[in-house]
Amino acid sequence: MSHGVPNKMKETDFFTEYGEANRYKIVEVIGKGSYGVVCAAIDTHTGEKVAIKKIHNVFGHISDAIRVLREVKLLRLLRHPDIVEIKRIMLPPSKREFRDIYVVFELMESDLHQVIKANDDLTREHHQFFLYQMLRALKYMHTGKLQVMFTRYIMKYFGLALRVDCLKVDPFPCIPFPNLLVKEQDTLYHRDLKPTNILANANCKLKVCDFGLARVAFSDAPTSIVWTDYVAARWYRAPEFCGSFFSKYTSAIDIWSIGCIFAEVLTGKPLFPGKVLSIS
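Letter by letter, the sequence shown follows residues 1 to 280 in the working numbering.
These aren't lab readings, by the way, just hints derived from the structure by calculation. Careful: at least some of the hints might be erroneous.
Below 25 Å or equal to it, Euclidean Cα-Cα: the simulated DMTMM-like pairs (lysine to aspartate or glutamate) are [what the hints assert, rightly or not]:
1. Lys54 to Asp64
2. Lys95 to Asp82
3. Lys205 to Asp82
4. Lys73 to Asp186
5. Lys95 to Glu20
6. Lys139 to Glu71
7. Lys25 to Glu85
8. Lys205 to Glu97
9. Lys117 to Glu106
10. Lys32 to Glu106
11. Lys139 to Asp82
12. Lys117 to Glu28
13. Lys25 to Asp121
14. Lys87 to Asp64
15. Lys139 to Asp100
16. Lys73 to Glu20
17. Lys73 to Glu106
18. Lys49 to Glu28
19. Lys139 to Glu85
20. Lys25 to Glu125
21. Lys87 to Glu106
22. Lys32 to Glu71
23. Lys25 to Glu48
Could you put together the complete structure from these sequences and hints?
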């Protein structure tokens, strides 16, 4: 997601006749990306400032839909001051109109990329506070603090029916699978840490976001796991990702990314830049 110059957007341009659209007053666009757009808004019921992420045509490609589903499920389970909080999923009036997804988050005005780009006077205290928050988020993800019970669901008649129990999407039929317990020994790997995936506000508060590529490594999993090789923007990718499709990941993959990010905070430029971020 890119945070450009804020611009105005009408509610009618942002919402596509969603049932809860009148609850939120759109203030401005704060980010755009290939997936859609993010707007700052005000919850008229509570007066709270929020960010609403609109994901276009979520069922256009199965890989995109699975990534969105994974991120939503994880963020509904994660509760930590250094991880962005998901507040609400806006549901369509009917399943036939379920094409776009609106996810309501707590509002964070910028991201670490913009902070680094716009500030050449960051102090030692800023550096320490940034690193502390990033490492604290990793500790939560990596040390088995995810003791939650959730249920696996399958998408039936993909694009028309979807249910995630924790989202209470009751109108959509589902096929339940056995409950899955995340145990103390299990670990969550983010796998896509980079400055644009760490949100920031005016108080220097950082929050990790974008868990679309995240995976839970279960303690009883085989020693070799086949996962997609496209993980992490390559400027921030750990060496073990390069040239290997089979790997038993450890927490080192995310720690490497945080190290690259922190070096960028200190120097104002990427530690291992290439010509293009996605293929560097």
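Comparing the hints with the structure gives:
For the given pair, Lys54 sits about 14 Å from Asp64 by alpha-carbon distance, which is consistent with the 25 Å threshold. The straight-line distance between the Cα atoms of Lys95 and Asp82 is roughly 34 Å, outside the 25 Å bound, and the hint therefore fails. Annotation: proposed proximity of Lys205 to Asp82 holds, straight-line Cα distance about 8 Å (limit 25 Å). For the proposed pair Lys73 and Asp186, the alpha carbon gap of about 16 Å is at most 25 Å, so the pair holds.
For the hint pairing Lys95 with Glu20, the CA-to-CA distance comes to about 15 Å; that is within 25 Å, so the pair holds. Between Lys139 and Glu71 the alpha-carbon distance is near 19 Å, which keeps this suggested pair within the 25 Å criterion. Pair hint Lys25 plus Glu85 holds up; C-alpha atoms about 20 Å apart against a cutoff of 25 Å. Of the pairs offered as hints, the one joining Lys205 and Glu97 is violated, with about 37 Å between alpha carbons and a cut-off of 25 Å exceeded.
Proximity of Lys117 to Glu106 is assessed by CA-CA distance (about 23 Å); at most 25 Å being required, the pair is judged to hold. Between Lys32 and Glu106 the CA atoms are separated by roughly 17 Å; this keeps the pair inside 25 Å, and the hint holds. At most 25 Å may separate the alpha-carbon atoms for a hinted pair to count; Lys139 and Asp82 meet this at roughly 10 Å. Proposed proximity of Lys117 and Glu28 is supported: the alpha carbons are some 22 Å apart, at most 25 Å.
Distance restraint check for Lys25 and Asp121: the Cα-Cα separation of roughly 35 Å exceeds the 25 Å cut-off, and the hinted pair is therefore not satisfied. Distance restraint check for Lys87 and Asp64: the Cα-Cα separation of roughly 21 Å lies within the 25 Å cut-off, and the hinted pair is therefore satisfied. Distance hint between Lys139 and Asp100 is unfulfilled; the C-alpha atoms sit about 34 Å from each other, more than 25 Å. A distance of roughly 21 Å separates the Cα atoms of Lys73 and Glu20; the hinted pair therefore holds under the 25 Å criterion.
Straight-line distance between C-alpha atoms of Lys73 and Glu106 comes to about 16 Å, which keeps the hinted pair within the 25 Å bound. For the hint linking Lys49 to Glu28, the alpha-carbon distance of about 12 Å falls within 25 Å, and the restraint holds. The suggested pairing of Lys139 with Glu85 holds, with an alpha-carbon distance near 17 Å, which does not exceed 25 Å. Annotation: proposed proximity of Lys25 to Glu125 is violated, straight-line Cα distance about 37 Å (limit 25 Å).
About 7 Å separates the Cα atoms of Lys87 and Glu106, which keeps this hinted pair within 25 Å; it holds. Annotation: proposed proximity of Lys32 to Glu71 holds, straight-line Cα distance about 18 Å (limit 25 Å). The suggested pairing of Lys25 with Glu48 holds, with an alpha-carbon distance near 11 Å, which does not exceed 25 Å.
Figure legend: structure checked against the earlier numbered hints; hints not met, in rising order: 2, 8, 13, 15, 20.
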